[in-house]
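Visitor: Take these sequences, add in the hints, and give me the full structure.
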Amino acid sequence: MTVPVSQMVTVASYIVRQKFARRQRYPLVLMLEPLFRCNLACAGCGKIQYPAQILRKQLTVEQCLQAVEECGAPIVAIPGGEPLMHPEIHRIVEALVAKRKYVYLCTNALLLKEKLSLFTPSRHLSFSVHVDGLRDEHDDAVCREGVYDRAVEAIRETVARGFRVTTNTTLFDGASPLRMREFFDEMMSLGVEGMMLSPGYSYSKAPDQEHFLRRTKTQALFARMLANPKRRWKFNQSPLFLRFLMGKHDFECTPWGMPTYNMFGWQRPCYLLQDGYAASFQELMETTEWHRYGRRSGNEKCQDCMVHSGFEATAVNHTFNSLRGFLETVAVTLTRRL
Amino acid sequence: MSLEGWTPQIGPYLTLEEVVEHAFDYRGDITVVGTDGTEIVGYLFNRAARAPEPFVEMFDDAGQGPIRIRLADIATIRFTGKDTAAGNSWTAWLERQDKERAEKAAASGA
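So the sequences go chain by chain: A and B.
The first sequence begins at 185 in the numbering used here and counts up one residue at a time.
The second sequence begins at 33 in the numbering used here and counts up one residue at a time.
If a hint is listed, it holds; no wrong ones were tucked in.
Per the computed footprint, the stretches of chain B lying under chain A, defined by three or more beta-carbons under 8 Å from a beta-carbon of chain A, are:
| no. | stretch |
| --- | --- |
| 1 | 58 to 69 |
| 2 | 72 to 82 |
| 3 | 85 to 98 |
| 4 | 102 to 116 |
Quick list of in silico lysine-lysine cross-link-like pairs, BS3-like style, CA-CA up to 30 Å:
| no. | chain 1 | residue 1 | chain 2 | residue 2 |
| --- | --- | --- | --- | --- |
| 5 | A | Lys401 | A | Lys231 |
| 6 | B | Lys131 | B | Lys114 |
| 7 | A | Lys231 | B | Lys114 |
| 8 | A | Lys231 | B | Lys131 |
| 9 | A | Lys485 | B | Lys114 |
| 10 | A | Lys241 | A | Lys297 |
| 11 | A | Lys241 | A | Lys231 |
| 12 | A | Lys241 | B | Lys114 |
| 13 | A | Lys297 | A | Lys418 |
Just so you know, the hints here were simulated from the structure itself, not pulled from any lab data.
All C-beta atoms in this analysis are idealised placements derived from N, C-alpha and C, irrespective of residue type, glycine included.
Guide: Written out as structure tokens, the structure reads:
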């Protein structure tokens, strides 16, 4: 597992502070969506289907900073849409880095080489490149040929210029564990710092409704894919979350762990479901009926979900909630045996 | 099935609250018809049915907003804009891929 030590210390001290303050619910990662427009139209994505006037809109730098301030999470992930299409994305990132937030700029990398000179390498900034598998699988997932090759080229260039680069991979039904293992080898050979994995979520608005993983299939896929992981594979996420995906833990969702802010406001209850919006982060936390979400709530939209935005925070909390959780995390990190 | 083009009739079998739920779930512009006959076209992105004064929020078709409208001031909502979530691009993509592969195979064979 490879999260830089400074980032680990920042997150750990943040969580300890929350525990001392006896906060029951606190955010770990802010999902900041500065815009919805994208230069791809991936089959599994339910984020970009909006009328033209909504796709033309974007958050201002000031709106982004205010959201980050309100939320207080130590990590800010910037998905979208494609964030590099935001004309002031470099200013947003620069301001967040100045606030010592750990920023994960999620991108399909189509514009990465062109925009790279707008950014400065920092341990607080990581480009999180969306790659869903090897060439055939990725190009199929993003519904355009040639995207994988461009992403690989951009990753090489970005690594060479001294930036932190991670990958984010969404897995759908039909993914081959063997091909994915080859994919991990390939990504590590490009010099990425670590990989992030998550099963896809069945957005009701996504065009492809047939290929989302159900819970048991998710566990079977991840158990095979991550069995005897090679030492060179590095994952930029909680090892306990990976064990959860493999069926070795039964976590409940923490929907407030990765709250989402976009042009509509603070999204209830999580990054994936859209059940309304709150005008402020405080309103989100205080007025969302959290008991209506998560697997145990019986909410049918939550039954098959095992996505990182709901469960990674649970996994991280598990590490800090008990000595057993902490020791398990340490053991998995040191032995790299998932 | 898309609701595009739907003009719901509010009455004993369909409440305004139900129509608002459909409009909230709809990924296209709608037209809010006020009780005073005025109309606002735009994208409805939020609703608060349990608020002390239930309301909807939208951006108009020029992107201006958010505009908050009390449910008490709404007569009905028409689904006038294109449903951007409709269609089946995954199938379309696969069909296009198959067609291109078949054409390439035919060309190389010829």
